[in-house]
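Protein chains in written order, with full-length UniProt numbering: chain P, 1 to 132; chain H, 1 to 513.
Hints are not guaranteed to be accurate.
Here chain H is said to cover these stretches of chain P; the calculated rule only asks that three of the stretch's residues, wherever they fall, bring their Cβ under 8 Å from a Cβ of chain H [what the hints assert, rightly or not]:
| no. | segment |
| --- | --- |
| 1 | 56-63 |
| 2 | 89-96 |
Sample of chain P residues at the chain H side, in silico, Cβ under 8 Å [to be verified]:
| no. | residue |
| --- | --- |
| 3 | E102 |
| 4 | F103 |
| 5 | K104 |
| 6 | K120 |
| 7 | I121 |
| 8 | P123 |
| 9 | V124 |
Hints listed in this document are in silico derivations from the structure and should not be mistaken for laboratory results. Keep in mind the model is a prediction, meaning the values are calculated, not measured. For glycine and all other residues, C-beta sits at the position ideal for the given N, C-alpha and C.
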Amino acid sequence: MKKRVFYWISGSNVREPVVSNVVLETGVMVNILKAKMEPREGFLILELTGDEGQIEKSIEILKKFGEVEDIPKIIQKDDEKCIDCGACVVHCPVGALSVDEEFKILLDEDECIGCKNCAKICPVNAIKIFEI
Amino acid sequence: MKTVHEINEKIRNGDAVVVTAEEMIDIVDELGAEKAAVEIDVVTTGTFGAMCSSGAFLNFGHSDPPIKMCKTYLNGVEAYSGIAAVDAYLGATQTNSDDDIDISYGGSHVLEDLVAGKEIELVAEGYTTDCYPRKKVETTITIDDLNQAILVNPRNCYQSYNGATNSTEEKIYTYMGALLPEFGNLNYSGAGQLNPLQNDFNKETKTYNTLGMGTRIFLGGAQGYIAGSGTQHSPNGGFGTLMVQGDLKEMSTKYLRGATIPKYGSTLYMGIGIPIPVLNAEIAKTCAIKDEDIAIPILDYGIPRRDKPELGVTNYKDARSGKVTIEVEIEGKKVDKCMRSASVSSYKVSREISKELKNWISNSEFMLTERLEPLKSAAPKPMKAKMKLVKDILSRPVVVGSLNTSITEASRVLIENNINHLPIVDENGKLSGIITSWDIAKAMAQDKHSISEIMTTYIVSATPDETIDMAARKMSRNNISGLPVVDSNNKVLGVVSAEDISKLIGRNGLHKI
Numbered sequence: 001m002k003k004r005v006f007y008w009i010s011g012s013n014v015r016e017p018v019v020s021n022v023v024l025e026t027g028v029m030v031n032i033l034k035a036k037m038e039p040r041e042g043f044l045i046l047e048l049t050g051d052e053g054q055i056e057k058s059i060e061i062l063k064k065f066g067e068v069e070d071i072p073k074i075i076q077k078d079d080e081k082c083i084d085c086g087a088c089v090v091h092c093p094v095g096a097l098s099v100d101e102e103f104k105i106l107l108d109e110d111e112c113i114g115c116k117n118c119a120k121i122c123p124v125n126a127i128k129i130f131e132i
Numbered sequence: 001m002k003t004v005h006e007i008n009e010k011i012r013n014g015d016a017v018v019v020t021a022e023e024m025i026d027i028v029d030e031l032g033a034e035k036a037a038v039e040i041d042v043v044t045t046g047t048f049g050a051m052c053s054s055g056a057f058l059n060f061g062h063s064d065p066p067i068k069m070c071k072t073y074l075n076g077v078e079a080y081s082g083i084a085a086v087d088a089y090l091g092a093t094q095t096n097s098d099d100d101i102d103i104s105y106g107g108s109h110v111l112e113d114l115v116a117g118k119e120i121e122l123v124a125e126g127y128t129t130d131c132y133p134r135k136k137v138e139t140t141i142t143i144d145d146l147n148q149a150i151l152v153n154p155r156n157c158y159q160s161y162n163g164a165t166n167s168t169e170e171k172i173y174t175y176m177g178a179l180l181p182e183f184g185n186l187n188y189s190g191a192g193q194l195n196p197l198q199n200d201f202n203k204e205t206k207t208y209n210t211l212g213m214g215t216r217i218f219l220g221g222a223q224g225y226i227a228g229s230g231t232q233h234s235p236n237g238g239f240g241t242l243m244v245q246g247d248l249k250e251m252s253t254k255y256l257r258g259a260t261i262p263k264y265g266s267t268l269y270m271g272i273g274i275p276i277p278v279l280n281a282e283i284a285k286t287c288a289i290k291d292e293d294i295a296i297p298i299l300d301y302g303i304p305r306r307d308k309p310e311l312g313v314t315n316y317k318d319a320r321s322g323k324v325t326i327e328v329e330i331e332g333k334k335v336d337k338c339m340r341s342a343s344v345s346s347y348k349v350s351r352e353i354s355k356e357l358k359n360w361i362s363n364s365e366f367m368l369t370e371r372l373e374p375l376k377s378a379a380p381k382p383m384k385a386k387m388k389l390v391k392d393i394l395s396r397p398v399v400v401g402s403l404n405t406s407i408t409e410a411s412r413v414l415i416e417n418n419i420n421h422l423p424i425v426d427e428n429g430k431l432s433g434i435i436t437s438w439d440i441a442k443a444m445a446q447d448k449h450s451i452s453e454i455m456t457t458y459i460v461s462a463t464p465d466e467t468i469d470m471a472a473r474k475m476s477r478n479n480i481s482g483l484p485v486v487d488s489n490n491k492v493l494g495v496v497s498a499e500d501i502s503k504l505i506g507r508n509g510l511h512k513i
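Looking at chain H on its own, in the form it has when it is part of the complex (with noise of 0.2 Å):
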């Protein structure tokens, strides 16, 4: 009906007639997408929120003499410079070298502050070579200083996004930041009915209307392109996601922003926005998709496994209200909870980009592309890596202890089995307690005779089920040695302890596991 070409004639006589996809729903409820069509010729889009999959290569310029640089710091951030004498890429999640400052300041905070014409410390080692002979520099720059300063994201603007609940009964810490124990928050990501991907979405195709390689946007406050299908694309699933490419230096830190999410990591808020020309009444129905019919699966992020747990779904609309229902099992029971919900991308600033973008667009300062190729379709695989279970290292035969059993008792059976963890039982079987030969050796030092004296009650336990990984995790926040492992009843199925992981890794080998 209309071509790209058409439109761009429009906006260059400042004749387009461009909307936000927020506001291109009531048009064409009102119009009707045939009529919708005709009427409009551009809607925008915009979303920001926390892209973890960005960074920037940066040229740095020859030194005097000159330097192959191998190691690069940033204002003691970590930038990749095994790409050429002085080039480097510096990722937004690359944590501070230095220990006392963690993860408070990262790749995200080198980007923002260069955006900002902040001076950034720069370090570099190189090895000597008879055309680089200098071993070291240390300098200060500006993004001024910088020959360039490219953004490239390998995976932005995700198409949709899971909510992240958490099951257990302790406090986590996610890249979808922190979430409450038992179900005390829903944290969700996205700009639903604004997100770029969304808008320009053929739910029957599985592809995209318009956007593609080379389709310009707005990124971070500038203009972009983006580069192609970003990394673990799967728009089948309803997960595309784009790379992007814009130069640096014409961004601007409102749309661009270091941020920590605490206890996982920096990573950068990024401003997307990207036009669609409306050419036909089919475009003009994708673009009025509304919050409520954008899906947002519901996972638990208590179980820190590739495949979380789905348990149930909302959507946009509902999650932006601030609560969400669903049905859970706890205990074996159906009870619906009410959780809070919690956004962590920001709904208003990417309303504030597609605005902006529209304006670009109605003054004439922001040409539509064509694209030069469609994104592939595609699904992610998952890594092929080994990974062993709680249930494959289990001591067995299970040893046990009940309340009855004297402490002289329970010495002979740690000594007897070569252990250290004695779970304590009920009559039933059910995991009541646990001591240790410490325990033991203490209550010698406090003249006690009763289990049920020296036992620890609050007991950290695994399933069978569960990685290693996770096992040690346990361990190691908790500063303990051993976890009893129980089924769902709480029935004891053995001991795993942090010798029986270290004897796996030290013994074996890590690429043996």
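Just chain P, same shape as in the assembly (with noise of 0.2 Å):
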């Protein structure tokens, strides 16, 4: 199983090797979506991938040295807003925008990695970004 969190991590703990921790002690896939460092603190956005005892072992550990909060999206398509043009769709490095038959536009949001390619290409600001 996939999952998204967004993390954060106190001042004084900056310095610890947290995510080659996790790492090391669960054997948990760790993508590191989103990165930013601040003097006294630091936000991360990772996908953890794994077996459900390895993930919840996990956040146990990053607990211990921060936050952690449940993303299910890091970007989300505003029907409302959307027309279904599809100038999006070829913007997606990695097809998690698609067309279906009745030519309404599909994202997949287990498959978006948040690169934002396809808000900034979208006319009519339909996508909605997370930021950290």
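Take the two lone chains and join them into the complex the hints point to.
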């Protein structure tokens, strides 16, 4: 399974190799989708891939050094705003955006890596980004 | 066989048989055109795409004391008000006058906000007269405060449109959307088999069967009219356009949407649907036009000229599949290039429009009109404007250096020739780098001795047939002051510098270019 989390790390712990610890201790696959380090704190978006036990344990370790918050999605498509033109589709590097048989534009949030290419291209600002 | 009057009688009685242009395809396939013309009374079409040539006439009513509005801004977007005291025309592509907001909020967004019933800031200035003593007005309005809000779109509803791709090595941003480098995508627009003008077009006579000035249509969710042929109307080439008008106050944001095409600007997505009365078999046949029968010429938008090279032709069926393959020439070799195709208009909404119009007619809420005049036959002419090409201002004779040239020698060549750019060529005269006087200054400071150490090898170059406007834009985009000019074999023909261009514009004055 795959799980995406916001991770806030407190200033006193920013020197800890937290992500490496998580990988070594649990064997979970970690994909750092975003990282922003400030003088007294750090913000990350992590994608954890592994079985349920591995992910649970990873979160336990993460929680020792900071705070974990679930994020079901990094970007979201506003279906009210979307005019289903399809200009975004070719700009998605991972195929998370597609056109269905009824010519509706679909976003597969599990596949999305949050690159924001679609948001930059959308003529009607129908893509909402969750910033960290 | 049938008349519009007879069909209207049926609509009034709720007996008319109305189908969408998509449904008509199967009906004609099954029954044949003759029988279909007997069975079917009206075919409805629809399209929903970016129609830059859109806007609205707005009448604000008189303030007390009255003002003669000369400069008028709605949410910071200028509307043209050189019409009468309190009338203005707001164009969809007008950008915001505030640089910080830039192109992300323009005329089209104001139009959408008006239709949505939102409050709009109105700022207007004028010069004072005896009857209009007021200098400035600042207030907020909604669409309900306007006496009239009449959408008048000079060029809408293109019958066909080009597909756009990009042969260059850089991503470009066009009114057809962002085009990835090296034929990365093919952007196309239009509703194909649902397109109103396609369904009404008689290929033999190059005229429209039923529509014309005065035809009542679906416009932005309301009932509007065809005011005549649109600007650049060109039915001979299959590129007919319409001028349309309707009451903005009755429209819906579902079918009228402000949009921003990245790094191009704002545009209005307009929903248009046209009913076609099936008066005879010929009309029935035309209404059964299919996606695969409608060609999309593929043009190279990487060449920013009026006549862009046509690389091939596809059709709406293939374009909608998401992949289109064309044969292109790369470095003298013909190769098949598979491009991902993307629509920049919405087929889903086009379909909804054709269905909504069908419902209106079936429910006796929309009556057909007979046209007052057919659309005129016309072919657009290009603008008579003089153009300067790079080869016209190329510095001659060509001064180049080789990889063996020493830095001291190079600096001497620059000084003697009073130039700033020295292209470095290999033994065959082909471009391998460029050095500037700045590179030499840097070499002195950093104590470097060979040309290859200091020359720039990532070179932005120009061709002799490029316009100087293109060369100027290349320099400005890449923040450089000169371009080596090369032929198709990468052989250096000369250099065009920012100085050459500024001399041309500065000395002669723009009008002489």
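Results for each hint:
Check on the segment 56-63 of chain P: 0 of its residues sit with their Cβ under 8 Å from a Cβ of chain H, so the three-residue criterion for coverage is violated. Against chain H, the segment 89-96 of chain P contributes 3 residues with a C-beta closer than 8 Å to a partner C-beta. That satisfies the three-residue criterion, and the hint holds. Interface hint status for E102 of chain P: upheld, as the beta-carbon distance to the closest one in chain H is roughly 6 Å, under 8 Å. For F103 of chain P, the interface hint holds, since its Cβ comes within 8 Å of a Cβ in chain H; the closest pair sits about 4 Å apart.
Because the smallest distance between the Cβ of K104 of chain P and any Cβ of chain H comes to about 6 Å, under 8 Å, the interface hint for this residue holds. A least Cβ separation of about 6 Å between K120 of chain P and chain H falls short of the 8 Å threshold, and the interface hint therefore holds. Below 8 Å, beta-carbon pairs count as interface contacts, and I121 of chain P has one with chain H at about 6 Å; its hint therefore holds. Hint status for P123 of chain P relative to chain H: holds, with the closest Cβ pair at about 4 Å, below 8 Å.
Hint status for V124 of chain P: holds, given a least beta-carbon distance of 5 Å to chain H, under 8 Å.
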